[in-house]
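From first to last, the protein sequence lines stand for chains A and B. The first sequence begins at 1 in our numbering and counts up one residue at a time. The second sequence begins at 757 in our numbering and counts up one residue at a time.
If you are wondering where the hints come from, they were derived from the structure by calculation, not from laboratory data. No residue lacks a Cβ here, since even glycine has one placed at the ideal position from N, Cα and C. Wrong hints could be hidden among the right ones.
With the Cβ distance kept under 10 Å, some of the chain A side facing chain B (calculated, not the full set) [to be verified]:
#: 1; residue: SER19
#: 2; residue: TRP198
#: 3; residue: PHE202
#: 4; residue: SER204
#: 5; residue: SER210
#: 6; residue: ALA229
#: 7; residue: ALA239
#: 8; residue: TYR242
#: 9; residue: GLN243
#: 10; residue: GLY249
#: 11; residue: SER674
#: 12; residue: THR718
Coverage of chain A stretches by chain B, computed from C-beta distances (three or more under 8 Å per stretch; other residues unrestricted) [as the list claims (entries may be wrong)]:
#: 13; stretch: 215-224
#: 14; stretch: 250-259
Which bits of chain B does chain A cover? Going by a derived footprint, with three or more residues having C-beta under 8 Å, they are [as the list claims (entries may be wrong)]:
#: 15; stretch: 783-792
#: 16; stretch: 857-866
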Amino acid sequence: MSHSHLPQSPSSGGPERTSPAAFLGDGLLLLLLLVSVTAFCVQTYDLSAEPSVLWILCPACGICSLVLWSFLRGPKAITLLLGALALLLAAALYQGWELFSFGALLQYQTAAEQLTEAVGFPGFFQLPVSLPPAEPQLAFRWFWGISLPLYALILGWAVVRLRSCWLSLALTLMWFLPAFLAELPFSWLWVAAAAGCWMALFLSSLMGRSSSTGGGKLRLASLPAGLLAAALLVSLFPAGSYQQPAWTGDARIELTDLGTRIGIYLMSGMESGTTAASPTEDAAEDVDLAAAGPQQFTGGTVLRLEGGMPGVQYLRGEAYASYTGQSWERLDAAALEELAGELGEWSLNTPLFFPAAATAEQPSHSLTITHIDRPSAMIYTPYQPAALTGSIQDAQLTGDSALRLTDARWSYTVPFLPAEPAPLSQDSPLTQVEQAYRQFVYQHYLDVPASTAAALSRWRSQAEAQAGVSQAADSSGPYGDVLTQAARVAELLAATTEYDLDTPRMEAGSDFAVYFLEEAHRGYCMHYASAAALLLRLEGIPTRYVSGYLADIPASGRASVPDSAAHAWVEVYLDGYGWYPVEVTPSSGIGVLPSPQETPAEEAPPEETAPEETVSPTSETEEPQLPAEEEPAETQGAGVAAPWLAAAAAAVILLAAVTAFAFRRRHRWKAFFSGRNTNAAVIDAYGWFQQLGRWGGHMDREVEAAAEKARFSQHRLTAEERDAVLARLREEIIRCGRTQPTWKRPLYRLLFPVQD
Amino acid sequence: MAARRILYGAALLAALLFLIFNDSYLAFFLLLCILLAPVLSLALSLPAILRLKLSVLPDREELVQGEDHHWIIRMQGRSPLPVARLNLRLSFQNGWTGQVRGEALSFTGLAGNQYDILPMDTTHCGLLTVRILRVRALDDLGLFSFPLRPPAAASALVLPLPAGRDAITLPDLQRIPAGSGGRPRQTGEDEELRDYRPGDPLRSVHWKLSSKWNTLLVRERQGQERPAILITFDCFGTPGRMDLVLGRLWTVSQELTRLGYPQEIRWSPAAGELAGERVSSPPELTACMRRILSRPIPLSGQPVAELLPPAPERAQLHISFDEEETH
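Same shape as in the complex, but just chain B:
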């Protein structure tokens, strides 16, 4: 708009000089018209600018890495007159990789409800956040720029691409007690029967009823949790490697959750810092992922094993880029 301002300034100067060096009414009329034009422009554009509502949101709040999704910028013009031009400065941030990208957009002729879609960068998983840092609306002549209040930031969680079932190794679930690990079994507790799931310990199979119903049934004790499987991973490295690590973590956790084994996921988001989440259901897994993906990963860091106290009695699984180590 600098060009328009310069052009208007030049026109105003020319009209002024014309008035000074020419005594005709035409020069006076021309100068008045040029002076009046911005006033008209403001009178026509300010109502529309003041009644413009802006919002930004993702087309899906949770998605998987590599999927094609978009940000939606919605502009609601609640005035019969249009807004001549809207300039936006946006910031796109990936909380996992730490990448921040800026972009400037310009929209012309906003009348009624309109929207724009911007591609979402799902190359890496992470918590994506888009913020509109600055909103400026121009008058009809493009001479004045009015700042508007930016809308709230929007975010979308890009979950890792799940690893294949053959790419993960589950811990030996046979060794994991059905009840709370190490505690004496109490008699007279209620037991429930359910279908066998792969990985269920054989000792939990109710052979008598299974033979009767001709399907494998297992006894599951109610009112007592299973011991949580400790899953750890080192939270540092390049985004590409960490995407694979998280993919495996996602698959392992989903599988264990499906089998009914709660997990305790532990990682070190920064040197000397230990974080953890207990996961026993898909929403909890998603929340854990949101927590993991909202902090940037360093390129190097401290292995989580150095921070955790040894617990040989617990079932553990360490997920790394190369392979899983189970204990």
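If we strip away everything but chain A, and leave its shape as in the complex, we get:
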């Protein structure tokens, strides 16, 4: 309970007496705020102002405002003076409205240009009027001469009269915020000065208006202290040499991961993060193309990367061999047995599946991948994984498509070697094995259903006619012809279709690729990768569909991979080398990842050459996409979880509101007895009686009389009178509570928290 009997405390209508300390403290604070705001605006927004504005007009306006709000008391006096000022202002505006408005528009135009340049927003504010060149200086004088006194008057009201730190902060910070948000270059001198003033405002905020003398003394002491502190900060930690602390990067990743885990936990219940996923849970057996509809992403982090190379990095997951029209499937067991028979001792972990392992070069990079939502047995690998060593030494091939660990893990490190594709040397011991595997590949990775093949051939001829001559440069090197054909396919796809993450599902029973090319004409990476794989197979190039993630690793080497970075692409088989990734999805311009072409050439991973040849010149970014094997589940999960999440959030908000309401009612009930103002307690109790009337309560004549006395009498009710009213209220609440039906009682107890 705040007390107001102090002889030196002011009344509630404003300062009763302005002490010299209060006058000085308020004055210094007001003047400094006014000068710092004006100087900041002039310098940062490049406003036109003569020096006299800053050093003469500002102090003059501040002093006038200080004197007005310090010494003028009483509503009549203030009204009279403000009325006179308003009349003067109106007269001035009547005389020079055109000049004033022109000056204001010029200043606005200048500031708007600064801001739009900083944020890169197209378009500028155009001045709707024009005046002779000689007029602007006069217009600026009119602008400052009218706007600055007005602002000083308002700021003085907040600082001197109301002593409100929040209003003062709002009135001053509003001029700084646009520059902060637009990251305009500004002088730290005025920011530090304003920060010192804000510190002084908050340090004296507890006293507020209750003690003008104490508040003034404190402002007088805290203003230099705040200014000194701000100056020390700026001088000890200069902005020019500032570097973001290293721990903030880790904290950012940790917080992002935490947010992701919480989001996943809320969306999928208790199972996430608590049970280790078995290898078979990491990826679906098939890619259900029929379920590929509009994409939804939570934005949550899926993987955390550390190490690797700066730039775009493809993280390969699973590869699929068989296309059915509605899905991509892995090789069947019979084919895998055949493969094992053909390769013999090379059937497992053969370097042919990962060509970099076949070279003599040592891995030049390693990438540590951490799963955020749950441990995983499937390994995501950058191109090209070099050797199964270290934390993945126990990894094994699943067929010839993916690497899996023997148990699910949160984190693992993959060594890799980004290298250009080159055929095996003739004397390599793997040559014979590669020839055997090549035969297998040509047997199983060229299949296209007959109906699909016919439709795709028809589309190909039409697309060739429509697209004309290839604009992409031919690829060079030993596999230039294959890569050129892949680039042509990507070019045709980009020319005839539109990238769209909101592409609806295909019609039931349709062929996914055919529907995409002939009906929908729009799609995302799943569509492009599927179509490209089939088209390349028709060209006689063994191709398979690959799902994974597309990550952008910054220079720090640490990155978070969101679920929106899921992606699909194709791998083509290069004779004598092995599987090689090719990007076939065009950019839509809304992707968040830079294109592979932006990565340094000397550090570019092998797959970066493919997008250069496959993506059209105008499209430079890759599109984030869900991995094919996870996409249906995640899409469905997001769709199902969103209403639950909203419902849970609504329930939490409702529960919090009910709790706050109950707490408030209970607090009010207790305040009836503890408050010193017995009249207020009785009047409040009268209000409760009226509320009680809706629940069948009745009010006594004595209670009404007491309430009337409390409301209209000059005398204060005694504690006994108050207690009598409250005792009657309590009895009535208990009596009414007993008459309420059961289903109404919780609400009743919420409204009237009185124990029997």
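With chain A fixed as given, assemble chain B onto it according to the hints.
For chain B alone, coordinates are given in the frame of chain A:
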């Protein structure tokens, strides 16, 4: 102040998150400013807090029931800087009725010497005591709370409202010997003359000199006390009834004191316990009242007559709520 602490915590958290997710110097500067603000606040407020002196006292130490008096809380700030806020928890106790009431007060902006007045509850008589149980001073930002040593308790004695002269019955003073009761009168002792007071026994009037001076004069023997009149009252009941009993006791004792009759006031403050005070002057009467009013009265108890041995030779007066019984 919980709101301020929560607000500061939220601001600190926001600044920290801003620094983590934003690499600009502004975020760093903002965080430093927020971290520095409490340090500044402590530097400015601690000297004032440590030099604050607090005391509490009544505006009158003895007063009569129903009078309008106050407690004064005096705060002396001996630092040029003010104390932002002072929170007090007070306890008001009436030793007679046993009522204890707590109250929390908060003062903002204590600069220089200031005081506050709180109304004194004089509804019932009793020894009122006010104690400051807890004193906490806040820093300028309202984030830290420092305990201060509470000042000594203060007390005020609320004496009963005297009963009207017609509401009391004095014992038959004619029967009370001027000297010590029962003892043989000794001759040759010094005697003093004084003006007659109502109630003086007629046999003490010096008729000869009275006729000569044309005013009634009485002889009063010096060097020997009068026998004390035994005044008893039952010390239990409701505060309202006991206020009236004490009012009568006060009036009776004052009257007897004025007449020069010492009294022995006996009462039973608790079952089986007998207390007494000899009163022959107003200060002694006040001291007796202080003793009576400093112990809470029970609603029921043992009549004092059951505890006192019979003394038929002494002048006695029993004061009750209804009427006085004299012997």
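Each hint, compared with the structure:
1. About 9 Å separates the beta-carbon of A:SER19 from the nearest beta-carbon of chain B, less than 10 Å, and the hint is met.
2. Annotation: A:TRP198 was flagged as interfacial toward chain B, and the flag holds, the nearest CB pair being 8 Å apart, inside 10 Å.
3. The criterion of a C-beta within 10 Å of any C-beta in chain B is met by A:PHE202, whose closest approach is roughly 7 Å, and the hint holds.
4. Among the interface hints, the one on A:SER204 holds; its C-beta lies about 7 Å from the nearest C-beta in chain B, closer than the 10 Å criterion.
5. For the restraint placing A:SER210 at the interface with chain B, the shortest Cβ-Cβ distance is roughly 4 Å, inside the 10 Å limit, so the hint holds.
6. At a threshold of 10 Å, the smallest CB-CB gap from A:ALA229 to chain B is about 5 Å, leaving the interface hint in force.
7. With a least beta-carbon distance of about 4 Å to chain B, the hint placing A:ALA239 at the interface is held under the 10 Å criterion.
8. Against a cut-off of 10 Å between C-beta atoms, the interface hint on A:TYR242 holds, since the closest Cβ of chain B lies about 4 Å away.
9. At about 9 Å, the closest approach between the beta carbon of A:GLN243 and any beta carbon in chain B falls short of 10 Å, and the interface hint on this residue holds.
10. The beta carbon of A:GLY249 comes within 9 Å of a beta carbon in chain B, closer than 10 Å, and the hint placing it at the interface holds.
11. Nearest Cβ of chain B to the Cβ of A:SER674: about 8 Å, under the 10 Å cut. The hint holds.
12. A hinted interface residue such as A:THR718 counts as satisfied when its beta carbon comes closer than 10 Å to some beta carbon of chain B; here the least separation is about 9 Å, so the hint holds.
13. For a cut-off of 8 Å, the count of residues in the stretch 215-224 of chain A with a CB near a CB of chain B stands at 5, and the three-residue condition holds.
14. Proximity of the stretch 250-259 of chain A to chain B, defined as three or more residues with a beta carbon under 8 Å from a beta carbon of that chain, is established by the 3 residues found.
15. For the stretch 783-792 of chain B, the proposed coverage by chain A is satisfied: 5 residues have a C-beta within less than 8 Å of a C-beta in that chain, meeting the threshold of three.
16. With 8 residues carrying a beta carbon less than 8 Å from a beta carbon of chain A, the stretch 857-866 of chain B meets the three-residue requirement, and the given coverage holds.
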